[in-house]
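These protein sequence lines map, in sequence, to chains A and B. For what it's worth, UniProt numbering labels the leading residue of the first sequence as 1, then goes sequentially. For what it's worth, UniProt numbering labels the leading residue of the second sequence as 1, then goes sequentially.
Calculated directly from the structure, the hints in this document are not laboratory data. Glycine included, every Cβ here is placed at the ideal spot set by N, Cα and C. Be careful, since some hints might not be right.
To be verified - Which residues of chain A face chain B? A partial, calculated answer using Cβ under 7 Å:
hint: 1; residue: Gly15
hint: 2; residue: Leu16
hint: 3; residue: Glu133
hint: 4; residue: Gly241
hint: 5; residue: Leu243
hint: 6; residue: Pro246
Claimed, not checked - Between beta-carbon pairs, the in silico distance windows are:
hint: 7; chain 1: B; residue 1: Gln25; chain 2: A; residue 2: Ile168; range: 25 to 31 Å
hint: 8; chain 1: B; residue 1: Gly225; chain 2: A; residue 2: Ala217; range: 55 to 61 Å
hint: 9; chain 1: A; residue 1: Gly14; chain 2: B; residue 2: Ala233; range: 16 to 22 Å
hint: 10; chain 1: A; residue 1: Leu136; chain 2: B; residue 2: Leu119; range: 38 to 44 Å
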Amino acid sequence: MRTHPRSRAVRVPGGLSLRLDPRALTVVVLLLLAALAAGLALIGTGDARIPVADVVRTLAGNGNAYQHFIVHELRLPRVLVGLLVGASLGLGGALFQSVSRNPLGSPDVLGLSQGATAGALVVIVLMSGSAAEVTLGALIGGLVTGLAIYLLAWKQGVHGYRLVLVGIGVSAVVTAVNGYLLTKADLVDAARAVVWMTGSLDGRDWDQVWPLLGLCAVLLPLVLTYGRGLRMLEMGDDTAGALGVPVQRVRLILMVSAVLLTAAATAAAGPVSFVALTAPQLARRLTRSPGPNLVASLCMGAALLVTADWASQRVFGAGRLPVGVVTGVLGGGYLLWLLVTERRAGRI
Amino acid sequence: MSATRFPRSTVNRLSAEHVTLAYDQRVIAEQLSVEIPDHSFTVIVGPNACGKSTLLRALSRMLKPSQGKVLLDGQAIGSLPAKQVARTLGLLPQSAVAPEGITVADLVGRGRYPHQGLLRQWSTEDERVVQESMRQTGVAELAERYVDELSGGQRQRVWIAMALAQQTPLLLLDEPTTYLDIQHQIDVLDLCAELHETQGRTLVAVLHDLNHAARYATHLIALRGGEVIAEGAPNDIVTAELVERVFGLKCQVIEDPETGTPLVVPAARKARAQRVTAAS
Chain A
1 MRTHPRSRAV RVPGGLSLRL DPRALTVVVL LLLAALAAGL ALIGTGDARI PVADVVRTLA
61 GNGNAYQHFI VHELRLPRVL VGLLVGASLG LGGALFQSVS RNPLGSPDVL GLSQGATAGA
121 LVVIVLMSGS AAEVTLGALI GGLVTGLAIY LLAWKQGVHG YRLVLVGIGV SAVVTAVNGY
181 LLTKADLVDA ARAVVWMTGS LDGRDWDQVW PLLGLCAVLL PLVLTYGRGL RMLEMGDDTA
241 GALGVPVQRV RLILMVSAVL LTAAATAAAG PVSFVALTAP QLARRLTRSP GPNLVASLCM
301 GAALLVTADW ASQRVFGAGR LPVGVVTGVL GGGYLLWLLV TERRAGRI
Chain B
1 MSATRFPRST VNRLSAEHVT LAYDQRVIAE QLSVEIPDHS FTVIVGPNAC GKSTLLRALS
61 RMLKPSQGKV LLDGQAIGSL PAKQVARTLG LLPQSAVAPE GITVADLVGR GRYPHQGLLR
121 QWSTEDERVV QESMRQTGVA ELAERYVDEL SGGQRQRVWI AMALAQQTPL LLLDEPTTYL
181 DIQHQIDVLD LCAELHETQG RTLVAVLHDL NHAARYATHL IALRGGEVIA EGAPNDIVTA
241 ELVERVFGLK CQVIEDPETG TPLVVPAARK ARAQRVTAAS
């Protein structure tokens, strides 16, 4: 049993007061540091290795022209895409899991990633579109799938297993469509499609950074504002409603935000597996704090993805192993563990 | 009683006026009107599926009537700002779920939500009210314990503490004694009666047990099939005839030796009743 209160209140004269959980705050800071460190290491990693000290110097504007090109044009955008994609997936996953009150209610399981994949495959296979068009196709595919799940699962609000089951159904249908599209593809398109479907940060540049950054800049304040209502929603719709939370509005805004974040992240890097599933759960175990743990999940997602990419490059060499394989193996193992423990706890 | 309704006053803070209550197309009650007397401990009773929990949900704006309206301080409750209502009227629903890994103090603190804002997250007043709510419900010493570890009775006290922390003059409770064993049922009801008496809060509870209702209520509303069959003080309205009309149960109504309130004693099965007579 703990003897000290979990959270501290910070108050300033004039009525302003903030509630802070020291442990959660520490976790967030450490995760941010980890994400940045992995990012710096990742910039230095590749066919041309650059020591971290040089990376920092180059980022500060003091590197030589060669290093400047590699860092600013090739690797920095890749790392930024990795950080943003990881953050979006972590946050999107936390929102989904909290709204569905179920750790399985994450975009991987619900078929959002598969929907985005379908959109990308349509562009690759049927239209032989450019990279930008593939991104757009994936975005549209993710949003359409989100809408479909919403229409099918939404009855007086989303309820845990209903959302998960509808999502699994949608996911199965879309996976079948994806399989069909792949069989229609010629060899070149099929190879391109498979690489995209694994989820990779290879060749990502500033064109992917700006839209993601813009979206996060708009959605993050919105999500955090409504996050207080989301905490209340965990106690049930009626309890939250009685406390003055506009239940339907909070849920709708947060679900739309989560779909947008997940679709945009998938469009930028492909369906990187299991980050959205694992990041919120890991964050929660580290902070040991109830509630959706939005900020911690976001930082965890960013740190996880960039670390996974760095590890895959370090171990297998640059461009050999897409990051989606690493997150898939780690996340899949984690999912199994989660299923076993949930079963033991009698929740499945 | 039912034939001669009291004229509806407009002074009471909470009332439902000719409401039709329905889930999707399934109509639970039509043209239902009830008035919650201020400062009363009102208990709603009735057989299963009579609409008592539905009525409570409508009174707490969790269910929007398809016709008619629920009035809070003279205004349609659905038209008032959600947080403003939440500072006047609290609800403890049956469906309340304690989030995983939450402590008692944290859960009770969540009752302060309607008094907080983005920049006013935890004032000294919040702190004081949470401490006081935990003290009143006798859970202060459990403050740092996890809610998952508590017994059913303790947990129900914690939820009541959360509702108290909301500091509403009106408090609605949906079957607060369900799933509790008898001593915890009495414990929770005593707590409610105490809150009603010492703090002057208006309490509205749905209860299953007619004898509990008759003992604790100052105002009783008996529902059957979505209609008010009788309302008034238990001593005035609880009769064998009423119980048979509302619950379809033959019984005797005697005086509760502890409180003087009506005590419902269900009639024995015929065979057993004869055996008792034969033995005597």
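Sort out which numbered hints this structure fails and list those numbers smallest first. Hints 3 and 9 contradicted; others consistent.
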